[in-house]
Amino acid sequence: MFDFIAGHYDYWFIISLITIGLYGMIIKKNLVKKLIGMTIFQASIILFYISSSIKAGATVPILSDKFNSADVANYINPLPHALMLTAIVVGVATVGVAFALLVLIYKRYNTLDEKELIERMK
Amino acid sequence: MIAKNLPAILPLIFLASALLIPLLGVWKKKIAYPFAITATLAAASLSVYGFIYVILNGTITYYFGGWVPPIGIEYVYDPLSSFVAVVINVVALLVLTHGYSVVKIDLEGRQVAYYSVVMLLMTGFNGMIITGDLFNLYVFIEISSLSGYALIAVGEKRAPFAAFRYLIIGTIGASFYLLGIGFLYFISGTLNMNDLALILPMMKDSPTILVALILIVVGLGIKMAIFPMHGWLPDSYTYAPTTSSALIAPIGTKVGAYVLLRLLFFVFGIDYFSNELPIADLIAVFSCGGIIFGSVMAIASKEMKRMLAYSSVAQIGYIGLGIGLANPFGFIGAVLHLLNHAFMKACLFIVAGNLRTKAGHSDISLMDDSFRKKYPWTMAAFTVAALSMVGLPPLAGFFSKWYLVLGTIESSRWIYLAVILLSSLLNAVYFFRILEKVYMRSSVKYKSDESYSDNIRQDEVVPSMLLPTLVLAVGLIVLGILNVFIVNQIYKMMPEGL
Amino acid sequence: MKHGSSSPIILLLSRVISPYIMLFGMYVVFHGHYSPGGGFQGGAMLAASILLIRIAVEEKVHQMHFKRTLGIPLGAVGVLVFFGTGLISLLLGGYFLDYHLLPIPWLEAPDLRNAGILIIEVGVGLAVMTILVSIYDNLLEDDDV
Numbered sequence: 001m002f003d004f005i006a007g008h009y010d011y012w013f014i015i016s017l018i019t020i021g022l023y024g025m026i027i028k029k030n031l032v033k034k035l036i037g038m039t040i041f042q043a044s045i046i047l048f049y050i051s052s053s054i055k056a057g058a059t060v061p062i063l064s065d066k067f068n069s070a071d072v073a074n075y076i077n078p079l080p081h082a083l084m085l086t087a088i089v090v091g092v093a094t095v096g097v098a099f100a101l102l103v104l105i106y107k108r109y110n111t112l113d114e115k116e117l118i119e120r121m122k
Numbered sequence: 001m002i003a004k005n006l007p008a009i010l011p012l013i014f015l016a017s018a019l020l021i022p023l024l025g026v027w028k029k030k031i032a033y034p035f036a037i038t039a040t041l042a043a044a045s046l047s048v049y050g051f052i053y054v055i056l057n058g059t060i061t062y063y064f065g066g067w068v069p070p071i072g073i074e075y076v077y078d079p080l081s082s083f084v085a086v087v088i089n090v091v092a093l094l095v096l097t098h099g100y101s102v103v104k105i106d107l108e109g110r111q112v113a114y115y116s117v118v119m120l121l122m123t124g125f126n127g128m129i130i131t132g133d134l135f136n137l138y139v140f141i142e143i144s145s146l147s148g149y150a151l152i153a154v155g156e157k158r159a160p161f162a163a164f165r166y167l168i169i170g171t172i173g174a175s176f177y178l179l180g181i182g183f184l185y186f187i188s189g190t191l192n193m194n195d196l197a198l199i200l201p202m203m204k205d206s207p208t209i210l211v212a213l214i215l216i217v218v219g220l221g222i223k224m225a226i227f228p229m230h231g232w233l234p235d236s237y238t239y240a241p242t243t244s245s246a247l248i249a250p251i252g253t254k255v256g257a258y259v260l261l262r263l264l265f266f267v268f269g270i271d272y273f274s275n276e277l278p279i280a281d282l283i284a285v286f287s288c289g290g291i292i293f294g295s296v297m298a299i300a301s302k303e304m305k306r307m308l309a310y311s312s313v314a315q316i317g318y319i320g321l322g323i324g325l326a327n328p329f330g331f332i333g334a335v336l337h338l339l340n341h342a343f344m345k346a347c348l349f350i351v352a353g354n355l356r357t358k359a360g361h362s363d364i365s366l367m368d369d370s371f372r373k374k375y376p377w378t379m380a381a382f383t384v385a386a387l388s389m390v391g392l393p394p395l396a397g398f399f400s401k402w403y404l405v406l407g408t409i410e411s412s413r414w415i416y417l418a419v420i421l422l423s424s425l426l427n428a429v430y431f432f433r434i435l436e437k438v439y440m441r442s443s444v445k446y447k448s449d450e451s452y453s454d455n456i457r458q459d460e461v462v463p464s465m466l467l468p469t470l471v472l473a474v475g476l477i478v479l480g481i482l483n484v485f486i487v488n489q490i491y492k493m494m495p496e497g498l
Numbered sequence: 001m002k003h004g005s006s007s008p009i010i011l012l013l014s015r016v017i018s019p020y021i022m023l024f025g026m027y028v029v030f031h032g033h034y035s036p037g038g039g040f041q042g043g044a045m046l047a048a049s050i051l052l053i054r055i056a057v058e059e060k061v062h063q064m065h066f067k068r069t070l071g072i073p074l075g076a077v078g079v080l081v082f083f084g085t086g087l088i089s090l091l092l093g094g095y096f097l098d099y100h101l102l103p104i105p106w107l108e109a110p111d112l113r114n115a116g117i118l119i120i121e122v123g124v125g126l127a128v129m130t131i132l133v134s135i136y137d138n139l140l141e142d143d144d145v
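Chains as they are written, first to last, in the numbering used here: chain E, 1 to 122; chain C, 1 to 498; chain L, 1 to 145.
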């Protein structure tokens, strides 16, 4: 049992980040806090990909002169890192669009609190 | 050379025009619309040519950068994806033709930015349909979603909040999808759809595949607006400007449904998701809930665009029911309803746009029988589309419901059959009340003011707005008559195992 | 910001450090195809160098540094550089983004792929830099700080 928890400690960390992100998106009333929750949620998925790409006793995937041949067991898997670069860019673009929307909402309603917004929208 | 490169050309035309419109807009602002409509016309004609080519010659595959799959990214242009590409490009062409006058009035001075984002939206949709790589699909989902958020937010006063809510919920959906394909990649080692379909049957009992399937279904269900995850849809479609809702409503959810169809039927396989796990039943039950909920809420709506938004939830429920049935008639019903509903919803949203332009509102309680004199052609198109939504033969809507009914009879699910018939009745309620207000009240009320009814002249919209309305309405009749021909082509699209 | 910072330390240090950040950002862009780095990372650092000036210095001066109206057209040019290299390969008979068909006369096939990736990294770096700066400009359009 202890082996199960301690052996997978990175997955427990990622699950706790997902939970914190979802909590922020759903429970918090301020729109900026919802956005922060979404950023934490996306960061946890990026961490999941990267933490699952490591191998025991391997090094960074740059061709080195210390190893004689390009034996793949000596290098970690670089494909999830490349995928996560794209995911980070997507996250940045989403946050950019979200902030533009927030500035527009603030200009029209003068508040960023969800309860007050629903009151003023009626 | 065009036929060989066709899978790449379709998204790339839209991407090129999305990049050239801001550059040329610095020099001359009026060039945005002709550029956009030329690109959409080229894409629509190329997609029709591609569909005919693929039906005659077979699937075209395309390797980006020359890297052979499973190392490289592959684009697969088979009968199903070419069919959906034809549907969305033709609908986009008609909506953009209609949008010329509307955008000039609604969004004065922001046309360069608007058309550039519309081109990005179409890039995202075309890429989603044609790609054969799971991560490339995520990238195109996000491209089309971000463009959708921006297009919805330029509407009326309440639009940015609806767009923000759509952003939060949509990003959760895409992130769940990303997590799901992460699990699939780490257990199988490939991101290519064809390769994954070969590897997955070897590891059926793994709980990782189960988690991946559930995450992908939930993530794509949020994009597709299946019942419990449809919360973003009514507000977004109601407060968006006319052209945006006419672009996103018929096309966006359909492309999500197509992606779910492709992943469930072609990658995971019928055996896995229908026979071993009750995922198909879950999707079917949620879809039935969505059908009833959407129809009831549409009856309760007072404004036409909100009614059409809830009706979209119900119609997506039909496509979800077709997916959940997992038998040949269900597949045919789902694909046919994808085509029919795109045309019907585009026609209805364009009619709502016409009414908003001319009468200033689209409120149902304010509609009266002066509408049938003032806008005869628009209300005629509305009648055709409404009858097709209810499901009267020989219009197009009847045939997709017919195949769904055949699918439920074949699986002996009588509850789904009752849901389909009941919902047709509910559809009739909320469409016929508009038709009753417009067509069936006589002018007897205006006896005290007899000159009133004579003074109403025809005040129809300009031809560039009227022509797409009529083309879509006539298209519904044509699709109904050509139904057998279309179903014969759908038989070629079915995966093995059906 | 419209008015510059009132502290002379910030004014001096930001104007001294910003060129070095820009130089390092270009170094990261040009190393993308061979070692850690690449278009997006380098572009974000280049944007950081421009935004540092925008935060610290008054409006008249930072518009001379990088004009607001240059943002989106330069971004479109950056992505068009990416698109153009792919299109050249398409028109010369190969697949899209198939670099070994690029018409650079003095290089062989593996070096041509090297050169192709370098060109698209530069395009992506330019696009990311200008788009990040224009996001900042749009958010602070009517600001009075």
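One or more hints might be untrue.
[Unchecked claim] Result set (SDA-like, lysine to any residue): computed pairs, CA atoms no more than 25 Å apart in a straight line: (1) C:K157 - E:F99; (2) C:K157 - E:A100; (3) E:K122 - C:K28; (4) C:K104 - E:K66; (5) C:K28 - L:A109; (6) L:K67 - L:A109; (7) C:K4 - L:H31; (8) C:K30 - L:H31; (9) E:K66 - L:Q63; (10) L:K67 - C:L366.
Keep in mind the hints are simulated off the structure, nothing from the lab. Every value quoted in this text rests on a predicted model; they were computed, and no experiment measured them.
Status of the hints after comparison with the structure:
no., hint, verdict
1, C:K157 - E:F99, "holds, 17 Å"
2, C:K157 - E:A100, "holds, 15 Å"
3, E:K122 - C:K28, "violated, 41 Å"
4, C:K104 - E:K66, "violated, 66 Å"
5, C:K28 - L:A109, "violated, 41 Å"
6, L:K67 - L:A109, "violated, 40 Å"
7, C:K4 - L:H31, "violated, 35 Å"
8, C:K30 - L:H31, "violated, 41 Å"
9, E:K66 - L:Q63, "violated, 50 Å"
10, L:K67 - C:L366, "violated, 51 Å"
Of the numbered hints stated above, those contradicted by the structure are hints 3, 4, 5, 6, 7, 8, 9 and 10, listed in ascending order.
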